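Student: Listed below, chain by chain, are the residues.
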Amino acid sequence: MLQVKARIIENKELLPETYYRLSLKTPPIARLAKPGQFVHLRVNEKIFPLLRRPFSIHSVHKENIQILYKVTGAGTGILSRRKKDELLDVIGPLGNGYRLPDKRTKVILVAGGAGVASLCFLSQRLASCPAVLIGGRSKRDILGRDKFKRLKTKIKISTEDGSLGKKGLVTDLLQELLPTLHSPLPTVIYACGPMKMLKETAKIAERHRALCYVSLEEFIVCGVGACQGCAVRTKNGYKRVCKDGPVFDSKEIIW
Amino acid sequence: MLQVKARIIENKELLPETYYRLSLKTPPIARLAKPGQFVHLRVNEKIFPLLRRPFSIHSVHKENIQILYKVTGAGTGILSRRKKDELLDVIGPLGNGYRLPDKRTKVILVAGGAGVASLCFLSQRLASCPAVLIGGRSKRDILGRDKFKRLKTKIKISTEDGSLGKKGLVTDLLQELLPTLHSPLPTVIYACGPMKMLKETAKIAERHRALCYVSLEEFIVCGVGACQGCAVRTKNGYKRVCKDGPVFDSKEIIW
Amino acid sequence: MKKINLKTNLGRISLKNPIVLASGCFGYGDEYKDLISLDDVGAVVTKTITLKPKAGNPPPRVVETASGILNSIGLANVGAEVFLKEKLPGLLKKFSTPVIVSIAGETRDEYLKLISLLNRKKIAGIELNISCPNVGKDLTIGQDEVETFGLVKAVRKKTNLPLLVKLSPNVTDIGKIAKSAEKAGADILSLVNTFSAIGIDAETGRAKLGGVLGGLSGPAIKPIALRMVWQVRKTTSLPIIGMGGIANTSDALEFIITGANAIGLGSAIFINPDLCREIIAGLKRYLSRKRIYNLDKLVGSLIV
Amino acid sequence: MKKINLKTNLGRISLKNPIVLASGCFGYGDEYKDLISLDDVGAVVTKTITLKPKAGNPPPRVVETASGILNSIGLANVGAEVFLKEKLPGLLKKFSTPVIVSIAGETRDEYLKLISLLNRKKIAGIELNISCPNVGKDLTIGQDEVETFGLVKAVRKKTNLPLLVKLSPNVTDIGKIAKSAEKAGADILSLVNTFSAIGIDAETGRAKLGGVLGGLSGPAIKPIALRMVWQVRKTTSLPIIGMGGIANTSDALEFIITGANAIGLGSAIFINPDLCREIIAGLKRYLSRKRIYNLDKLVGSLIV
Ligand SMILES: Cc1cc2nc3c(=O)[nH]c(=O)nc-3n(C[C@H](O)[C@H](O)[C@H](O)COP(=O)(O)OP(=O)(O)OC[C@H]3O[C@@H](n4cnc5c(N)ncnc54)[C@H](O)[C@@H]3O)c2cc1C
Ligand SMILES: Cc1cc2nc3c(=O)[nH]c(=O)nc-3n(C[C@H](O)[C@H](O)[C@H](O)COP(=O)(O)OP(=O)(O)OC[C@H]3O[C@@H](n4cnc5c(N)ncnc54)[C@H](O)[C@@H]3O)c2cc1C
Ligand SMILES: Cc1cc2nc3c(=O)[nH]c(=O)nc-3n(C[C@H](O)[C@H](O)[C@H](O)COP(=O)(O)O)c2cc1C
Ligand SMILES: Cc1cc2nc3c(=O)[nH]c(=O)nc-3n(C[C@H](O)[C@H](O)[C@H](O)COP(=O)(O)O)c2cc1C
Ligand code: FES
Ligand code: FES
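Residue numbers (my numbering), protein chains in the order written: chain A, 70 to 324; chain B, 70 to 324; chain C, 3 to 306; chain D, 3 to 306.
The hints are simulated quantities; they were obtained by calculation from the structure and are not laboratory data. Please note that a few of the clues may not be correct.
[Claimed, not checked] The list that follows gives simulated cross-link-like pairs (lysine to any residue, SDA-like), each with its CA atoms no further than 25 angstroms apart:
#1 K152/A - L220/B
#2 K35/C - N250/C
#3 K153/A - P85/B
#4 K152/A - K308/B
#5 K308/A - K35/D
#6 K286/C - N296/C
#7 K153/B - L71/A
#8 K74/B - A186/C
#9 K292/C - T206/D
#10 K9/D - R208/C
#11 K153/B - S252/C
#12 K56/C - F288/B
#13 K152/B - S149/A
#14 K89/D - M70/A
#15 K308/B - S252/C
#16 K54/D - N305/A
#17 K312/A - P60/D
#18 K5/C - A204/D
#19 K152/B - E79/A
#20 K152/A - N80/B
#21 K153/A - L83/B
#22 K74/B - N133/B
#23 K181/D - N296/C
#24 K96/D - L71/A
#25 K74/A - R287/D
#26 K56/D - T303/A
#27 K35/D - Q72/A
#28 K181/C - L215/D
#29 K81/B - I147/A
#30 K87/C - Y307/B
#31 K152/A - D171/B
These figures come from a predicted structure and were not determined experimentally.
All chains should be built: construct the whole structure from the sequences, respecting the hints.
Tutor: As structure tokens, then:
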């Protein structure tokens, strides 16, 4: 974990004023980063917004890391107007990251909206993966598909308005998929997205006795485990999303 | 006085990251504006900076007004990054403005730094003017000369570092000039610039029995005379820079 | 679309909408006349007046802080006589909006004299600004239960006009002060006034304000002001004008939900005079979206 | 260039520079070890511990406000036993920086038990966090002179370690509370703790924090915190650790000029762990530019 001033290589608008992909040059963080970890960054050095904002590491290319983010408020709005060559104050990599599957498991990735960000990075470290499920409100919220090409796997898509793939929720896709996976191998699901989706994914996983890792979001203050601000209720008491997570075994969480 | 959303026509950098000239399309304010008045504008609609910032009206062209500003802190820094076609929330025109001279007076304009802004506008309304004195720290701080061309008058310049014109203060120029104005007509001086310069100008004017109007700066909150925040000490008690001023007869001020 | 009702009552004073322009932040009405239509707001509270005119504190009188305004105006005002002759008649004649007059005295006697001057006026109420240094060296009336009770009681005896008491936030337990004011006969509570604060200039080693101490207002204080409204709501049943950092519709709703019957706009007026109109429109949208329709139903609806 | 001396003394505790990491904002030291070198700061105050471990309040525990942080962590901590066994030894062994241990009890007895556990440890001092609900229903010890005096006196009898008392800002007159603490034997005063506050979600009609009430910290409160340091400086001669919204060198200087012998960094650490280094460098530049050279000379130098 370190605090660096990272140069912006690119801050690309993927969908006007909505989704952006930011590339930062930061060799030490790029070297240490593991899938599921995040960076905590200051969108500017003013007092507004006051706090840092956390973003999953979306991918790593040599000395650079990328994040994929959605403009949801003032902080991400300001971030989206930062320009190439400017410096950003970044702390990272933070959090535990995904526990990589052993080879004898079938891996399913389930992404909702910008939640796809961390699963892209995870996919770079996977040997194989029978299915990637991506859901969003409409086709414009379906991101990062190209990053999974390497896996040569089937990508299934759902949108709430039916504008792409199956009309409905990404958990509907999961619901359909699991019974079809007649396989002696254990199944492990990695899920990242809105809380509701994760909760539903956890339920489905439990029903099918699949192992399920979820990447949770909570309001992050320090990001390093010091302030206890990001507590999430688990069967072993409160845990810190930023340090004990953000990735948890779904069975541990009290949903 | 009105509150409008004015479109940015141009936000021109005159000296990198230092001086800018902003043109705003705002027909009603352009129509009402008088030299010496100011506008009070929100550099953005975030909570930082919290308050509006006041700027003299630098010139009026048909439906547009211009301001000339120096980046001195966070507010003007943010303003300098606002772009063409964006909207700015502007209140104006505010304040009393310069009392125009009657024809039988000799007019001298004395400007320090960005203080030249309001005198340019004043010069557009003058029939004649024997001298314009402009001072600044260095030649890069000498602005707005072109705006006085119409008057076909002599422009004298001073810089503290001697990089342009006479080395010294603009009040030195005034000191030299006044005794040479052998004229039966009364002299009126209009001055705008830093407090120290205005004080010195007032002293010189008094010594030469010239009428002297100064445009003062104080921290402006409401800008309309309601909050009493911008008080300045005068011989008639506290007065409000934003409403009773910003232009005062220099003899009224307790310097 | 069903009609939205923004009416709210502060005891005997009925407001067409919950927006009150707070004392000291819109002057005497004439300064903002081009920018704010006073007929649009629920009520106005005039700048605190004193018996004699007050010049106010030496400049600088205001500095900007992180999301706040620190001021030491020092109750600069024209004094009761000029106010009654030159300022009040215009306000009462030109607008239908209830006008509440804020007063402060240096002694109890001064408060009572001001009351007697105001008693015959067609005003909607009198607000006692009890945050003027008075008790002992450093404390103000509003920081002491007993002093608050005594003053409000004395004033109550002298007027039948609706009586508002403006509470100071610089106290250990604002609920107790509110309770004293209620027991002494206050009709309405306004809260909060500004927080006692100071600004230091590290370069000069001096205070930034001419008056040294100042009062902090604006968005910075909102979470504390909201807590105080909550506390007062729990201890008294008097109508409350809630204020402290309100700068948009959500802020206004937060105070109303917490227990304010009306909301005061102070610092935010300086930033955006058009805010009154914006909040009225915003409240209507909210009530219609939530199918609540009557603002009244929202007051104190906080679920805990 | 003349040598700059940043040394400062808090009674018997001498600090190599005035920067103190405030309680609750750097955990137990290990969390920030990669980002802050504890050897660089003047002193650290560990997260408040209680006799038994505390799970803390239900989430959400933090919301961002205008230039502020509102938190209701609820003193979540590992408890005295784990702290003494697993956390403290590492802190004491790895760093030369003075370690002050913050404690809180639900009863006076709990405070005394904690003291007896700490008495034999090689710590630089004990800080009493007296902002825990205790007196009556809603008030905390730190909001009452008599309770403060009683607790500090009782604790004083039981320890010879330097005794710090962390004052609550939620009071009418912090000078009085400071004076009680001094009379009862406190060695050093820390101020301020967080301001009692609340956040409301207008959409849901509920409090934003799981614990409903929270504490406000950060730049928003700086002007009020500075005023309190000023007030306490005038009423006692005890050394002061000043804090509340410090986020840059100028803020630190403002507290020192106003009367703080050392300054506490809380919320700002979350925003910029590198701030400790930045402020140390900034103070040096300031002292050298002003030709003051000794930080000590700046303490309480405010000209009014
Ligand atoms: C571990 C982690 C990884 C994340 N990864 C991504 C990602 O890869 N891409 C992406 O688009 N978003 C990601 N998020 C969410 C992202 O942090 C928020 O969208 C962002 O902070 C919103 O900031 P804002 O100022 O634009 O919005 P605000 O107006 O501040 O808030 C909008 C919403 O974002 C939440 N939020 C604000 N600040 C924080 C914070 N410091 N921590 C957590 N939530 C916050 C608010 O509670 C609110 O619900 C992640 C969050 C966490 C906790
Ligand atoms: C009537 C009037 C006319 C002005 N006209 C011009 C002009 O034509 N061109 C120009 O460059 N500048 C002008 N100024 C000054 C200009 O308002 C400040 O430079 C600007 O507000 C600084 O804002 P900031 O956020 O960049 O700086 P800050 O960091 O906020 O402050 C830098 C300096 O500006 C002062 N300042 C900040 N806010 C205000 C305010 N609301 N009112 C007054 N002073 C403030 C501060 O006291 C400080 O000394 C004028 C000021 C007044 C009062
Ligand atoms: C410049 C200024 C002047 C004020 N003058 C008065 C006053 O004369 N009487 C009074 O009761 N309150 C006065 N106040 C306090 C406001 O009415 C209000 O209580 C306080 O500012 C908090 O609200 P806000 O955060 O919305 O500004 C003043 C506030 C400001 C900023
Ligand atoms: C998340 C958080 C946790 C805190 N925990 C404690 C604590 O355990 N004990 C304590 O005395 N103060 C605690 N504080 C208060 C700080 O030590 C400090 O007094 C306060 O935040 C004001 O300083 P600041 O504005 O620099 O943060 C905490 C503050 C925050 C923000
Ligand atoms: S954000 Fe501080 S512990 Fe997680
Ligand atoms: S700034 Fe309010 S009266 Fe001038």
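Student: Each of the hints needs a verdict: does it hold here or not?
Tutor: Going through the hints against the structure:
no.: 1; hint: K152/A - L220/B; verdict: 44 angstroms, violated
no.: 2; hint: K35/C - N250/C; verdict: 21 angstroms, holds
no.: 3; hint: K153/A - P85/B; verdict: 19 angstroms, holds
no.: 4; hint: K152/A - K308/B; verdict: 45 angstroms, violated
no.: 5; hint: K308/A - K35/D; verdict: 20 angstroms, holds
no.: 6; hint: K286/C - N296/C; verdict: 9 angstroms, holds
no.: 7; hint: K153/B - L71/A; verdict: 39 angstroms, violated
no.: 8; hint: K74/B - A186/C; verdict: 48 angstroms, violated
no.: 9; hint: K292/C - T206/D; verdict: 10 angstroms, holds
no.: 10; hint: K9/D - R208/C; verdict: 23 angstroms, holds
no.: 11; hint: K153/B - S252/C; verdict: 31 angstroms, violated
no.: 12; hint: K56/C - F288/B; verdict: 21 angstroms, holds
no.: 13; hint: K152/B - S149/A; verdict: 15 angstroms, holds
no.: 14; hint: K89/D - M70/A; verdict: 20 angstroms, holds
no.: 15; hint: K308/B - S252/C; verdict: 37 angstroms, violated
no.: 16; hint: K54/D - N305/A; verdict: 17 angstroms, holds
no.: 17; hint: K312/A - P60/D; verdict: 18 angstroms, holds
no.: 18; hint: K5/C - A204/D; verdict: 21 angstroms, holds
no.: 19; hint: K152/B - E79/A; verdict: 21 angstroms, holds
no.: 20; hint: K152/A - N80/B; verdict: 19 angstroms, holds
no.: 21; hint: K153/A - L83/B; verdict: 23 angstroms, holds
no.: 22; hint: K74/B - N133/B; verdict: 13 angstroms, holds
no.: 23; hint: K181/D - N296/C; verdict: 51 angstroms, violated
no.: 24; hint: K96/D - L71/A; verdict: 20 angstroms, holds
no.: 25; hint: K74/A - R287/D; verdict: 22 angstroms, holds
no.: 26; hint: K56/D - T303/A; verdict: 15 angstroms, holds
no.: 27; hint: K35/D - Q72/A; verdict: 12 angstroms, holds
no.: 28; hint: K181/C - L215/D; verdict: 21 angstroms, holds
no.: 29; hint: K81/B - I147/A; verdict: 22 angstroms, holds
no.: 30; hint: K87/C - Y307/B; verdict: 21 angstroms, holds
no.: 31; hint: K152/A - D171/B; verdict: 53 angstroms, violated
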